[in-house]
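Colleague: As given, the protein sequences belong to chains A and B, one line each in that order.
Residues in the first sequence are numbered from 1 upward in steps of one, following the numbering used here.
Residues in the second sequence are numbered from 1 upward in steps of one, following the numbering used here.
Just to be clear, a hint being listed does not mean it is correct.
[Stated by the list, open to error] Here's a subset of chain A near chain B, in silico, CB distances under 7 angstroms, partners left out:
#1 A121
#2 S171
#3 I208
[What the hints assert, rightly or not] Each pair of labels, with its calculated beta carbon distance range:
#4 A:T198 / B:I21: 29 to 39 angstroms
#5 B:D2 / A:I132: 58 to 68 angstroms
#6 A:I132 / B:A42: 42 to 52 angstroms
[Claimed, not checked] What the simulated footprint calls covered on chain A by chain B, stretch by stretch (three residues with Cβ under 8 angstroms from a Cβ of chain B suffice, anywhere in the stretch; the number is not a length):
#7 161-170
#8 195-205
None of these hints come from the bench; they were simulated from the model.
Since this is a predicted model, take the numbers as computed values, not measurements.
All C-beta atoms, glycine included, are put in the ideal place defined by N, C-alpha and C.
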Amino acid sequence: MRLSPDSMMWWSWGWLHLNGTILFTWLVMAGLTLGSWLITRRLTNSAPISRGQHLVEAIIMMILSQLGDVTRQEPRRFLPFLGTLFLFIATCNLLAAVPWFEPPTGSLSTTTALALIVMVAVPVYGIKDTGIKVYLWNYLSPTPLMLPFNIIGELSRTLALAVRLFGNVMSGGMIGAILLILTPFLFPVLMQLFGLLTGLVQAYIFTILAAVFISAGLTSREIDEAIQP
Amino acid sequence: MDSLTWVAVASIISAGICMGIGAIGPALGEGRALAQALNSIAQQPDETNTITRTLFVGMAMVESTGIYALVVAMILLFANPFWNYFLSKVG
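Full structure from sequences and hints, please.
Modeller: Below you can see the structure in the form of structure tokens.
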């Protein structure tokens, strides 16, 4: 029984291994890029807007409103990073309904990579906003004794992000596989539906948590501006 | 019993206990969170969107430990390194 797409080996050449995770990631990337290019070829402002443009505009507006609510700042500066995160994870998890496809987020490598990107993005946004001295001063903020706990907190919430997404997606696929052995038709279909729901919820949770972490690294500036009127 | 049998018995029992006990905590915690969220919605119905969103984010964080227990149980059952090692020794 396969735990993740990592063990599907498609092509090997020396030390280069093309396993299922990489192949499905490339497929999702190609699909998203191709779909976006097809839709944004003909963007119009006037009345008859194409359906693709409607869909994309609706999605973007939803993401912007959610990010604005969570970070309480101008959401457009986070839109490229967090919007892509949400679209990628949501597409990966929703395509799990397609028969031959296995979501690449069901592999710990993919989710760890995404969590590491978020872990790097938090200091990048913070330093771009407040400067490196103020940002590093935050780590010593209540007292310098908190420094190890702040660092461990950063690492542990990154790990939690990775394992949460991996566990949800992997267990969804595995429950379906196990139930297929036991009871043929009805229950695996129901578990697939539930897997689609949890996949979408986990994509939303990952994005919102990334937004919360990034905005937590930025709030020092708001507090300083509030103290010095 | 040889070591192969011991590894199998220990893995199966640990997987069962791990998942069984690991499901209690998150379920209780999420139930309490949900009850508080319903109270808040009853007190301030026009804040429902914020409350619901915060509820889902909080539940996802609380559920993490349950997911950790599930991952450990799955690894013990399906990708057990000790089992594979001893199996390669015997076979």
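Colleague: Could you run down the list of hints and mark each one as holding or not?
Modeller: Hint by hint, here is what the structure shows:
Evaluation of the A121 (chain A) hint against chain B yields a violated restraint, the C-beta minimum of about 18 angstroms exceeding 7 angstroms. Taking 7 angstroms as the C-beta contact cut-off toward chain B, the hint placing S171 (chain A) at the interface holds, the least distance being around 6 angstroms. For I208 (chain A), the shortest C-beta to C-beta distance to chain B is roughly 6 angstroms, which falls under 7 angstroms, so the interface hint holds. As the Cβ distance of T198 (chain A) to I21 (chain B) is approximately 22 angstroms, the hint placing it in 29 to 39 angstroms is violated.
A beta carbon spacing of about 59 angstroms between D2 (chain B) and I132 (chain A) agrees with the range 58 to 68 angstroms that was offered as a hint. Roughly 47 angstroms separates the CB atoms of I132 (chain A) and A42 (chain B), a value that falls within the hinted 42 to 52 angstroms. Under the rule that three or more residues need a Cβ within less than 8 angstroms of chain B, the assignment of the region 161-170 of chain A holds, with 6 such residues. For a cut-off of 8 angstroms, the count of residues in the region 195-205 of chain A with a CB near a CB of chain B stands at 4, and the three-residue condition holds.
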